[in-house]
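Peer 1: Put chain B on the given structure of chain A with help from the hints.
What follows is the residue order along each chain.
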Amino acid sequence: MKRFNGAAIGAALACSVSVPTLAAADDLTLCWAAWDPANALVELSKEFEAQSGHTMNFEFIPWPNFADRMLNELNSGGKLCDLLIGDSQWIGGGAENGHYVKLNDFFDSEGISMDDFAPATVYAYSTWPKGTPNYYALPAMGDANGWFYRKDWFADPEIQAAFKEAKGRDLAEPKSQKELLEIAQFFQGREIDGKTVYGASIFTERGSEGITMGITSALYPWGFKYENTPGSYDMEGAVNSAEAVEALEFYKEFYETATPPGYTNSYMGESLDAFKSGQVAMAMNWFAFFPGLYADPNTGGDKIDFFVNPPQNQAGSTLGGQGISVVAYSEKQDAALEYIKWFANPEVQAKWWSLGGYSAHNSVLNDPGFVDSAPFAGDFLEAMGAVQDFWQEPAYAELLLAMQKRMHDYVVADQGTAKEALDKLVEDWTEVFEDEGKL
Amino acid sequence: MTDSLANQAAQATPPRVARKIRGFSDRAIAWIFVAPTIFLLLAINIFPLIWTIQLSFTNFKANRLNREPEFIGLRNYERILTDSDIWLNMQATAHFLFWTITLQVLIGFALAWLIHRNFKGSNFWTTVIVLPMMLSPAVVGNFWKFLYQPQIGLFNYIVTFFTGGEASSFEMLGSVNLAPWSIVIVDTWMWTPFVMLICLAGLRSIPDYIYEAAEVDRASKLRQFFTITIPMVLPFLMLAVLFRGIENFKMFDLVVQLTGGGPGSTTELTSINLKREAFEKWRTGYASAYAIILFVTVFGLASIYVKALNKVKER
Chain A
1 MKRFNGAAIG
11 AALACSVSVP
21 TLAAADDLTL
31 CWAAWDPANA
41 LVELSKEFEA
51 QSGHTMNFEF
61 IPWPNFADRM
71 LNELNSGGKL
81 CDLLIGDSQW
91 IGGGAENGHY
101 VKLNDFFDSE
111 GISMDDFAPA
121 TVYAYSTWPK
131 GTPNYYALPA
141 MGDANGWFYR
151 KDWFADPEIQ
161 AAFKEAKGRD
171 LAEPKSQKEL
181 LEIAQFFQGR
191 EIDGKTVYGA
201 SIFTERGSEG
211 ITMGITSALY
221 PWGFKYENTP
231 GSYDMEGAVN
241 SAEAVEALEF
251 YKEFYETATP
261 PGYTNSYMGE
271 SLDAFKSGQV
281 AMAMNWFAFF
291 PGLYADPNTG
301 GDKIDFFVNP
311 PQNQAGSTLG
321 GQGISVVAYS
331 EKQDAALEYI
341 KWFANPEVQA
351 KWWSLGGYSA
361 HNSVLNDPGF
371 VDSAPFAGDF
381 LEAMGAVQDF
391 WQEPAYAELL
401 LAMQKRMHDY
411 VVADQGTAKE
421 ALDKLVEDWT
431 EVFEDEGKL
Chain B
1001 MTDSLANQAA
1011 QATPPRVARK
1021 IRGFSDRAIA
1031 WIFVAPTIFL
1041 LLAINIFPLI
1051 WTIQLSFTNF
1061 KANRLNREPE
1071 FIGLRNYERI
1081 LTDSDIWLNM
1091 QATAHFLFWT
1101 ITLQVLIGFA
1111 LAWLIHRNFK
1121 GSNFWTTVIV
1131 LPMMLSPAVV
1141 GNFWKFLYQP
1151 QIGLFNYIVT
1161 FFTGGEASSF
1171 EMLGSVNLAP
1181 WSIVIVDTWM
1191 WTPFVMLICL
1201 AGLRSIPDYI
1211 YEAAEVDRAS
1221 KLRQFFTITI
1231 PMVLPFLMLA
1241 VLFRGIENFK
1251 MFDLVVQLTG
1261 GGPGSTTELT
1271 SINLKREAFE
1281 KWRTGYASAY
1291 AIILFVTVFG
1301 LASIYVKALN
1311 KVKER
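So the protein sequences, as listed, match chains A and B.
Residue numbers for the first sequence follow our numbering, beginning at 1 and rising by one.
Residue numbers for the second sequence follow our numbering, beginning at 1001 and rising by one.
Here chain A stands alone, though its shape is the one from the complex (with noise of 0.2 Å):
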């Protein structure tokens, strides 16, 4: 009996010992869109779950839904995702609408400071109100919209010949959208290996977000601005400038004289098939993607090779990435802050890297030597100094479906004139600001 009473008290005891890291530990679920970064992120978890006790579980959406699905499950209260990597533009109505949690008193809790992390991404990813210091994520992702090409092509002496006879100068990644434009209609229709290739793959996708972040690439380096005095949502004059109607009639050039016939609707995978199929010299995409591009087989290595967008009347680039929030309704905060806590770290940043994420924190980003970690290192950070982002509003998702709708029935349906489409778009922003009452 003493025996067993002796058992007892050491099961309980061990029990006593064991019960608060089985009480700590939880089953977190990760909430991203299913792309390339996110498997160097279940990759990159496996350190936190060895560490932490919790397990971490991931619900990845593919693009095309991931803004549909995921703002419904916050609208709604859910408690499917702890954490939520959500694009850059939710973060209004992330904060808004309560469904982040306020990260500040967190940060100051454990030492974990912004000025780690490069102003570019803190400012589009972690603050609402823009600028100030209210912080509803953590930098997670950093991107932007860049080109990649066939480098064996433009290498290529019978190619370069061709386009020096043709154009008067040497065949090589463009300075300025213009050029960028004239190597695409040169390679239009031309027969390269006995097959017919095409210039290159724009975004022109209706559904989503496509085309805007397509347009947004051409609007920038043209100089576009949302609003004449930011904050004032004075719109008219800035949306509908000169510059901007002459961007989107470039655009339009470019669509309708250098993509291959029956991208009229394509997107992100749209644009990686058009070029791993060997159809276009040249492709717009996320910087997310590049890693798994330089790694292909086929289309890879020494074929391809990558530029940041290039300038016109200035340098610009469309914004991607996103930042990591805790969701407001999950259960789990505490884990959910842990593991933010721990992705915080500068060591775990330079993992993230190495695994093909796109670290924005600064001791990754200024290591001397981050620009020759990949090819595309150094056009990631010059691109990540010119970028711009389109509203982060809460009535965002209004405003980005009215400009997909403007921007396609202009470039794709061919209906009415650049001007009118940004005419239209003034109104249409001007309309949803007049109900938000901010107008």
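Hint data in this document are derived by calculation from the structure and do not stem from the laboratory.
Quantities reported herein were computed from a predicted structural model and do not represent experimental measurements.
Fair warning: there could be bad hints in the mix.
What the hints assert, rightly or not - Under the rule of at most 20 Å between Cα atoms (straight-line distance), these lysine to aspartate or glutamate pairs were calculated in the EDC-like manner:
#1 A:102 / A:115
#2 A:167 / A:179
#3 A:438 / B:1068
#4 A:424 / B:1085
#5 A:151 / A:193
#6 A:195 / B:1166
#7 A:438 / B:1070
#8 A:438 / A:236
#9 A:424 / A:236
#10 A:419 / B:1085
#11 A:424 / B:1070
#12 B:1145 / A:165
#13 B:1275 / A:68
#14 B:1275 / A:73
#15 A:102 / A:116
Said to hold, decoys possible - Output of the computed footprint for chain A on chain B, the stretches with three or more beta carbons under 8 Å from beta carbons of chain A:
#16 1172-1184
#17 1265-1277
Note that the Cβ used here is the ideal one computed from N, Cα and C, for glycine as well.
Peer 2: Just chain B now, kept in the frame of chain A:
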């Protein structure tokens, strides 16, 4: 037999329950049986409808629960009915409805007429013809998207095989002129078998003796067709038109898969537009007003149509 069953049921009823039931009138018992159905109908149909009507007079947004909705009267209705873009969506829907129904009725009836001949292998061909409507609209949409692909698609290849020229010289889904027809073609391909089956039922319901009497009267085949076949199949045909009309008025999945409403807004049917307003822009009040307008339109048209259908049946 019925009586003995009733007796058995009465005997099997526990005395306490039987005493209670005996206190109810027939009408009360009928209400007890009907009540669950009525409650369910109120809960899942009538209550949401009333709530939607109420929301349609507000600026409520389902993603802004922390903002108090304001009563804005008929503003949403006024906005919708004066919005030229919405009228373009209505036109696109009307084009889609008119041509899909016309083609499906013509082809469906022709196919039913042929199948009704009872030739060798007619059952096999019936099965083959009805296959498309057994597929999921999402699958059909993706499948046809590939067929319409201008560089590798079979559709362009077949067309240019007969007409000459480059297969990639036209884009079914990317052209403003062709995209509305591309969705009509796919819907016709998928749903003509449904109309065919209904017509076939109609044709098979016509007794042979009517044709035999017509033969005796030396009526020509054409005369028999117009005075016997068409009038007797007409109620079936009208029913098929009603079903397809209601289905196509709310068409969503197939068109979203094929064109996403593009190019531009050329194939943005009202249901696609409504979904965007309600669940992408989250303009709940506005979308409620939009839904009410569509509901009244469909309900009104369907009521007129059903009256016409009943008149045809009575003849």
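Peer 1: Could you run down the list of hints and mark each one as holding or not?
Peer 2: Tested hints:
no.	hint	in the structure
1	A:102 / A:115	17 Å, holds
2	A:167 / A:179	10 Å, holds
3	A:438 / B:1068	16 Å, holds
4	A:424 / B:1085	11 Å, holds
5	A:151 / A:193	15 Å, holds
6	A:195 / B:1166	15 Å, holds
7	A:438 / B:1070	16 Å, holds
8	A:438 / A:236	15 Å, holds
9	A:424 / A:236	11 Å, holds
10	A:419 / B:1085	18 Å, holds
11	A:424 / B:1070	27 Å, violated
12	B:1145 / A:165	40 Å, violated
13	B:1275 / A:68	11 Å, holds
14	B:1275 / A:73	17 Å, holds
15	A:102 / A:116	18 Å, holds
16	1172-1184	holds (count 3)
17	1265-1277	holds (count 3)
Hint compliance for this structure: hints 11, 12 are not met, and every other hint is.
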